[in-house]
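Asker: All chains, full assembly: derive it from the sequences and hints.
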Amino acid sequence: MTTELFIQYLMAGITYGSIYAIVAIGFNIIYNTTGIINFAQGEFVMFGGMISITLLQFMPLPLAILSAVAITMLIGALIEICFIRWLKSPSVLRLIIITIGISILSREVAVHIWGESIRSLPYFVGNEITSISIFGARISPQVLWVVAASGLMVICLGIFFQITSVGREMRASASNRKAATLCGINTQNMVTLSFVLSAGIGALAGCVMSPITYSQYDMGTGLAIKGFTVAILGGLGSSGGAVAAGLLLGIIEAFSVSVVPLAFQDAISIAILLIILFVRPQGLFGSKEAAGLKEF
Amino acid sequence: MKKFASKFLMAVMAVSLCAVPALAENIKVGAILAVTGGASFLGGPEARSLEMLVEEVNSKGGINGNKIELIIKDSAASPEKAISFAKQLIEEEKVLAIIGPSTSGETMKIKNICEQAKTPLLSCGAAEVIVNPVASYVFKTPQKDSFAVKKIFMEMNKMGISKVAVLAGNTGFGKAGKGQLLKLAPEFGIEIVETEVYDKKSNDLSAVVAKIKANKDVQAVINWSIVPAQAIVAKNMRQAGWDVPLFQSHGFGNIKYVEAAGAAAEGIIFPAGRLLIADSLPADNPQKELLMAYKKNYEAKFNEPASTFGGHGYDAFTILMAAIAEGGNDRDKVRAAIEGLTNFAGTGGVFNFSAEDHNGLGIDAFQMMTVKDGKFVAYTGK
Amino acid sequence: MKKLLSILPLLVVVIGVHLLTSATDTMYYLTQMTMSAYYSLLIIGLCVLMGYAGQISLGHAGFFAIGGYLSAALTTHSLIPHQNTTLVGLLDSAGLLLSGQNLYGEALLVVTPWAACIIAVLTAAIIAVIIGIPVLKLKGHYLAMATLGFGIIIYRVALAMEYFGEADGISEVPPFVLMSGLSVSGNFSDRVQNYYIAWVLLLIGMVLLLNLIDSRVGRALRGIHGSDEAADAMGVNTARFKLQTFVLSAVFAAVAGVLLTHYNGGIGPSEAGVMKSVRYVAIVAVGGMAHLWGALLMGIVLNFLSLRGVFGSYDDAVFGLILIVIMLFAPNGILSLNIRHRLKHFLGRRKQDKEGEA
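So the sequences go chain by chain: A, B and C. Just so you know, we're using my numbering here: the first sequence kicks off at 965 and counts up by one. Just so you know, we're using my numbering here: the second sequence kicks off at 2 and counts up by one. Just so you know, we're using my numbering here: the third sequence kicks off at 48 and counts up by one.
Worth flagging that the hints you see were computed from the coordinates, not collected in a lab. Source: prediction; values computed, not measured. Worth double-checking, as some hints may not be accurate.
What the hints assert, rightly or not - Example chain A residues on the side facing chain B (calculated, C-beta under 7 Å, incomplete):
1) Ala1034
2) Ile1082
3) Ser1084
4) Ser1104
5) Glu1133
6) Ala1136
7) Val1221
As the list claims (entries may be wrong) - Here chain B is said to cover these stretches of chain C; the calculated rule only asks that three of the stretch's residues, wherever they fall, bring their Cβ under 8 Å from a Cβ of chain B:
8) 211-221
9) 228-236
10) 306-314
11) 359-368
12) 372-378
Just so you know, even glycine gets a beta-carbon here, dropped at the ideal spot from N, CA and C.
Answerer: Written as structure tokens, this is what we have:
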């Protein structure tokens, strides 16, 4: 394999990987505060992309993206308030099924609003054929946007959860809900906030990736499955783990093309996940002790 | 016990409620199309075209005074639903004929059902197995894959290209096309040096493009699919700074894909029906008038560009109407009428059906096209 | 014996539906009733796994597909090109091969449907054991993800392999001759016998499962659902019971897959899709997780309506909506809602309110 080809695969892997990582981080934020895996996470990404494309007809690109993120956050809040908030100690099974239902419904709403055809945002810089050269490999500048956006998100989230008081309250609600309530934290609002945050992150991801991957009403499911895979690989709840696992999975997928037919790519990444689940259910980067405290 | 009995009484009631008496005054035509689901970019435009046409025909008083009643069933590209709907349409609705399904996989599942029930089926599926071997009641309107492949290979011979890479989507369309490409390549002295199949939902193919680009033998790429990934292949190739000719299949006949690929779509060469270049056809072309009318009406009614996919539905419907005008409300007579139809201009080409040919289109139904300044234009060579 | 009695009313209904449709000249309903019965066979199996053993499976369409695809491929793809291999020779001498012709006069050499069916169901069972041992150690989201992943792998393999017809699936699957004069096929003339084949099979499945959940195993399973640890402490071998139920439900799914494929005369990748698995889970949930009769009723009703295209383009939307509504308001299933009682309660309260206002 030439260096050029190696770097080309690597960059492709990093592109997929950053996208998977952002979706996985969305999963983690909600999981951390509620213990729920939100199967509708992929639909936030879809809504972000679709709404920004629609808004672009009326406003400039940055504003359209910001508004789309805000609207999707609102959708996230509404979903939590309508479907999750008032359930009294629901079982995991029940929550899984509810979020799957939300995901199906969101998709159906989207297809009836936007139809079945594909749409995309324009490239932020340059156009479809612009590329920059890195060590002889050529990539689209949009890839840098995706990587930068995911990096920025991880940093901002880190700061938010470690430094701000709201972030600390969210972490408190996550680690012990009862104790947090006793300390005067409104844990219910923290849950809503987690949905808002993860909807916003999903929507932003949907916008930055739209020029590369296009947006379509049914793009959510595939992303959710990949994001979920990555979240579990990295250890549920760990943002750093999600980034590492996302990049790892993306790079494995990219390089797997050189060995096995592309048609089996997904089967392989899922098989890796199953093996990890069987031997290390806490994930590649999750600690066993922390996993032992969680209710799987 | 009593509880169970009451539950099952409920079930029986639910079943019997569905029994709706059938009206038998109009001519009933069934359609099984993938309006939603994975093949909705086919079924959607097809269903909309049919709705538009039925309205047109009925507003003109129907065929020989008989109104057409169209029953569209959404199969979501699931064969099991197509099977259930086919049986339902044939026995319960007693339709005269069935239009669709949108995909080859579904069509192959109901081919024998229609044959057995002696109900004409006008498929919008692409694969050649639908009409080869010929089943007497089964027809199809999309052009044959093998002709599209031959057109491409002929063009390649002219350009002096002999080693190519083939990419295909994992849909029925991609599968059938890949099969024909591999089968016909030796006849044209073309060697296929790389083959890859990608998922219909693929959203980035830069890795696989890098892989085939690394093979220095590849002189051109043929991409055979019907999904949005067609635009992605083009983008990823150009972004990688790879400028070998890119050939696509007739699945590229949707301006949406050109818009999506933007600058990367420029120079893509592909065979397609003449709908896409209707404006620039000479006035004496037999298809010109109907193509212009279809395009104008469709675009006015649905506010989206007409595609060749919707055209397959259009052709199936107009062929059936012509056959009904001749054979009336009789399955056998309509079947015979379709088989006897010649010189019939449709969106896909000029149809000449016969007992041996249930597709009716020749290789001239295809025109090589390319993309220039974001528009489809006839390809005239370099 | 008691179980057999409780099945009797259902048998009466089955015969009743046949007589009713034949009297009203609406026999075509039996087509979808037959298909629904096969799907319901899978659903009652899944119900025992989910409701009684408490293990979610988002990959049951995978087992259905293993049964359907293997049986279809073995009985449809001709072995003539491989005639000289030892395996084919062995099969032939064991009397498991059938030579014939297809509709267009080509010579065929295929595996007999009985042998294919047994191979398919056994394969599903073996895969269930192999997958089940590690998967059933997981809980909650991890279990959901693992079973979902299994389903996706089966879907991908079906979609990627030439042998399974890639996107087109397998067509022209021959009828399954159970015994002379009785065959599983979609021919219009075989409709009534196929209706009874499907329903008798479903009834047998019901009796088996009803007996199971009332037996020692059933009590153990309920214990597992309540609390793994407690059941373990009571000396119940939870791992074994969970695995047995998992394999049993996989076998139910595979049998349904085999027979429906022969009835339909083909199978496509949509049968293995994630949405299919989700749909089965939805139906079990709507029927009430631990409610075999509810699952059966919902399996029949919802599949019947869906296969008749009643929901039109909103088919998936309807299922999504049902999922949400049931899980929000009636997590124990639609039959757990004592509607009369609730209505009375509601009306009574309204009355009180009014009186209060006055």
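Asker: Per the CB criterion, is A/Glu1133 less than 7 Å away from chain B?
Answerer: Violated - the Cβ of A/Glu1133 stays beyond 7 Å from chain B, reaching only about 37 Å at its closest.
Asker: Under the criterion of a CB-CB separation shorter than 7 Å, is A/Ile1082 in contact with chain B as hinted?
Answerer: With a closest approach of 4 Å, the A/Ile1082 hint holds.
Asker: Has the stretch 211-221 of chain C got at least three residues whose CB is nearer than 8 Å to a CB belonging to chain B?
Answerer: Contact hint for the stretch 211-221 of chain C vs chain B: holds, 7 residues under 8 Å.
Asker: Min Cβ distance, A/Ala1034 to chain B: is it shorter than 7 Å?
Answerer: violated, 25 Å
Asker: Min Cβ distance, A/Val1221 to chain B: is it shorter than 7 Å?
Answerer: Holds. Min distance 5 Å.
Asker: Do three or more residues of the stretch 359-368 of chain C come closer than 8 Å to chain B, measuring C-beta to C-beta?
Answerer: Per the Cβ count (4), the hint holds.
Asker: For the hint on A/Ser1104, just tell me whether its beta-carbon gets within less than 7 Å of chain B.
Answerer: Holds: closest Cβ of chain B sits about 5 Å from A/Ser1104, inside 7 Å.
Asker: Do three or more residues of the stretch 306-314 of chain C come closer than 8 Å to chain B, measuring C-beta to C-beta?
Answerer: holds (count 5)
Asker: Can the hint on A/Ser1084 be confirmed by a CB-to-CB distance to chain B that is less than 7 Å?
Answerer: Since the shortest Cβ distance to chain B is 6 Å, the answer is holds.
Asker: Can you take a look at whether the stretch 228-236 of chain C is actually covered by chain B? Rule is 3+ residues, C-beta closer than 8 Å.
Answerer: holds (count 3)
Asker: Against chain B, with CB atoms and a cut of 7 Å, does the hint on A/Ala1136 hold up?
Answerer: violated, 38 Å
Asker: Counting residues of the stretch 372-378 of chain C with a beta carbon closer than 8 Å to any beta carbon of chain B, are there 3 or more?
Answerer: Per the Cβ count (0), the hint is violated.
The structure fails hints 1, 5, 6 and 12 (numbered hints given earlier, in ascending order).
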